[in-house]
Each structure stands twice: as structure tokens, then as C-alpha cells.
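**Student:** Sequence:
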Amino acid sequence: MHKKENFSENEGVSEVRLDKWLWAARFYKTRSIAKMMIEGGKVHYNQQRVKPNKIVKTGARIRLVQSNTEKEIIVLGIIDKRVAAPEAQKLYQETQESIRQREQVADARRYGVLTMPNPKRRPTKKERRELIKFRLNQ
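For the sequence shown, my numbering assigns the number 1 to the initial residue and increments by one for each residue that follows.
No wet-lab data here; the hints were simulated from the structure.
One should not assume that every hint holds.
Here are the simulated PhoX-like pairs of lysine-lysine, each with C-alpha atoms no more than 25 Å apart in a straight line [unchecked claim]:
(1) Lys-71 to Lys-81
(2) Lys-42 to Lys-29
(3) Lys-51 to Lys-29
(4) Lys-90 to Lys-20
Keep in mind it's a predicted model, so treat the numbers as computed, not measured.
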């Protein structure tokens, strides 16, 4: 039988690469995506760009981009195996400033959508020509 591993069994892990930790903590779906994000400068470890093989230590601050949002987290635990989401959330804590900024961006995005013009119909050919002429003259 295959033994199921949990967070408590993996606590003895002392060294884990950054790309592997981001994958295990469920920030990115695959290690290759985590590696691409690190190499692309989307992940900063203690306010510095690093390579995917950087060893993660508890207490470190990681700033990362996930889809459209930016998060800053503090590492609380180290693990090298991917675990369930509730267990993975115990590995880090998001800073209060990061939570506040994400909420502000979400609000701005939500309210921006409400103020966007939504015409009832498509413009006619004549109206399209006038719009194009207006844009070119600006």
C-alpha cells in the first residue's frame, strides 16, 4: 500500500529550492511555471531577484505575481511535497499590507467595469468612420 504523506511528516525537510517550494505551497500549478515566473522576475525573495535554485528559509519574505494579483508572503514552513490546499496555507502568511493592496486593486477593477460605457447597439458604418476620424485627429 502507498502511504499518504502529510504536512507533519515533511516538517523535517531542511532545504528546498524556491521553485519547488512555490509549487508545493500551491502558488503555481507546475514547477516549470514556478521556474518561469522566477526567471522572468515575477518572484522576489527578500526584495531581490533570485534563481529557481535559491534555498527557502523560514521567515523569508517572498513577493510574487499570481495571474493579475501581486502578493507578499512570509514563509512559515518548509515542505518539498505538494499537499492539500488547507495544509499548504499553513506554510505561509500573507502580510496585511499585501491583503489591503489586493483589495484596493479588486475594488478599482470592479468599479472600473461599472463605469465603462456599454452601448445598446453596435455603431453604424457612418458612426464607425466618424470614430476613426476622431481618433486620428487627436
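**Student:** What hints, given by number in increasing order, does this structure fail?
**Tutor:** none
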